[in-house]
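Residue-level listing of the chains:
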Amino acid sequence: MLQLLWLIPAIPFASTLVLALFGRRMSERMVAIAGVGSVGLSALISLAIVPAFLASGTSYTQILWTWMNVAGFRPEIAFYLDPVSLLMVVVVTFVSFLIHLYSAEFMEDDEGYARFFAYMNLFVASMVVLVLADNLLLLYLGWEGVGLCSYLLIGFWYKDPVNGLAARKAFIVTRAGDTAMIVGLFILFHSLGTLQIQDLMHLASARWPVGSPYATAAAALLLGGAVGKSAQLPLQTWLPDAMAGPTPTSALIHAATMVTAGVYLIARTHILFSLAPDVQFAVAVVGAATIVVAGCSALTQSDIKRILAYSTMSQIGYMFLALGVGSWAAAMFHFMTHAFFKGLLFLASGVVIEALHHEHNIFRMGGLRKELPIVFWTFLIGGCSLAGLPLVTAGYFSKDFILWGAWTSPQSNPAFWIVGIIGVLLTGLYTFRLIFVVFFGSSHTPVTHRPHYRIIVPVILLAALSIVGGWFKDSLVAFLNSALPPLSEVHVNGLTATLSSIVAGLAFLLGLGLAYLFFLGKPEYTESLMRGGLMRALHAFWFADWGFDWLYDRTLVRPFVWIATLNRRDVVDSAFTAIARCNQTAYYALSRTESGRLRWYAAAVGAGAVVFIGVILFT
Amino acid sequence: MAAILFGLGLAALLVRRNAIFTLMSIEVMLNAAGLAFVAAGARWGHADGQVMFLFILAMAAAEVSVGLALLLRLHHLFKSLDIDAASTMRG
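Order-wise, the sequence lines are chains F and C. Heads up: the first sequence begins at 1 in my numbering, then just goes up one per residue. Heads up: the second sequence begins at 1 in my numbering, then just goes up one per residue.
Hints may be right or wrong, so weigh each one.
Here are the computed distance ranges between Cβ atoms for each label pair [said to hold, decoys possible]: (1) C/G7 <-> F/L590: 28 to 34 Å; (2) C/V51 <-> F/T593: 34 to 40 Å; (3) F/A575 <-> C/R16: 50 to 56 Å; (4) C/L70 <-> F/F576: 45 to 51 Å; (5) F/F576 <-> C/E63: 36 to 42 Å; (6) F/E594 <-> C/D48: 35 to 41 Å.
Hints listed in this document are in silico derivations from the structure and should not be mistaken for laboratory results. Computed from a predicted model, the values in this text were never measured in an experiment. Glycine included, every Cβ here is placed at the ideal spot set by N, Cα and C.
Hey, can you work out the whole structure from these sequences and the hints?
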């Protein structure tokens, strides 16, 4: 059964080729069967592999062929399966399948139907390659592949230049991180001589002492890549704009799977990060900062998808926090629950947007509770899971686990725990602000379009998973800990697990209560609050993502454009232009002599002959 | 003698614009060359000079026939015998 591993990326890739080559000539029905069916098959295979893997042992490597063999550098196309990658593969393929099923209906009658599924399948194939890669170079291939698909899908409706701009922004900003990452790979290969992940980890722990400069540099550069891909501070600015893509894309790439690639990378190379405690601390700081920054920004947005984008950043911040304090399994567990509930939230918001004729502004929605009951209930479940409704939802269990790690682990710091609790409060606040504004109150826009079964089924399944996912916490964590070092609990004094959970639950309730007060019960409180100058300035500041876009525009984009304008006539090229100019001038001079007057020609011949004879005679 | 003849032909070629005179001056120059060959052959006692003159004679006849034919076409086209009129053919 395990030999079928290679089929998981191969089937979607084959489907991409078919759709790219023959998509135009296929009917929509055929395209949907190819696009959704291929990912469905992959999901089935990955589910079928689970029991075989559990029976066989702790890891499995499948070597397909040698990629290249250059001067001792010998990466292989090989797939590595262990509990971490197994969890990733199952979640990625399964959530992808549900989202593909959803898009089969959502994208109906779009002129780029086949193109959309070709890109989506390519994305799934790349993501699975990234997750299963046995060496860092293959991982990088998948990494760039998902980046490419992200670019293509953000700019999917390319006729609007704004979408193209958002796509380029996403590509260029993540490129900054990718460059750091490839430099990190160079360092690793240069000093350890291999990129095979398992060998690399063994060699690193054998050769490098804790805190050695090489380990620190390599880990910091890998962190740069992870920060770019996972939209963490300070490279987070691309994610909100990435919402220009179709909603299923936002659900799949910019919420459930691709943006968590950074988390996976760090978990995969956790030994390296353990060798560089400074960098690991930086991971936690980045995560904690992102939780608060993105949470505050989410609080002020009015575009439903941008709110969800900021909440994605903030949730990935939690995963980074967990990685930073060495609570590896908690990060992976939160990745899984987040994939369920955030995928669900995006899909449900897609239905809302579609139903209201492409309305994104939440303040022009309202009263949808009765119009779209299924969407309301599933959205409520997703929102509760996101905010962490105690004891019921999956999101509560995973977030609670992270908070517990942030308090107890040796690398942690009570400040991280406090930031996490503030994050829970903010999450509750912005999530229920969203729900109250969209689904309660009075209706502003009539519902024009209602979803059918291909949209309803994935949404309900994901809603079920958003609750059920948390019940398997203990067995899943035990399973993950066979590949990742378990959380070591040292600072148990002062706070017990129960108390931490209770505080988290209270923070959730406080967020819910505040949201109820401000956005449903007494909206006049919000108005009076907004009347103050300080609050309005703060609102504008958070709305603009803490001024990061402005900062980058001023410090990077504008000087670049200025230099480009300055060098419009291209200094280097002028030398080559000069050669061409000389030839052109000579040509014009010579063509003047070709007057067509016969007597001038004869005179020139005669004069030439005289000069020639003269030269012969007098020398 | 041959040099004088050649110089006369060349000068005529450069000065006259009438195409018939151009052909005639070419003829003069060819004959000058032929005279030079014959004279040189007599001077050094070779028969080659006279052979070359025969070649030149045959070539001149051919050249004149082609030249006159071209001349007729030119006259037909430009309604004049001015060879500078044909300068519109320049590349």
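Status of each hint after checking the structure:
A hinted range of 28 to 34 Å for the beta carbons of C/G7 and F/L590 is consistent with their spacing of about 30 Å. Checked against the hint of 34 to 40 Å, the C-beta distance between C/V51 and F/T593 comes to roughly 38 Å, which is consistent with it. Checking the proposed 50 to 56 Å range against F/A575 and C/R16 shows it holds: the Cβ atoms sit about 51 Å from each other. Separation of C/L70 from F/F576 is about 46 Å and conforms to the stated range, judged on CB atoms against 45 to 51 Å.
Judged by the Cβ atoms, the range 36 to 42 Å given for F/F576 and C/E63 is violated: they are separated by roughly 49 Å. At roughly 38 Å, the beta-carbon separation of F/E594 and C/D48 lies within the given 35 to 41 Å, and the hint holds.
When held up to the earlier numbered hints, the structure conflicts with hint 5 and nothing else.
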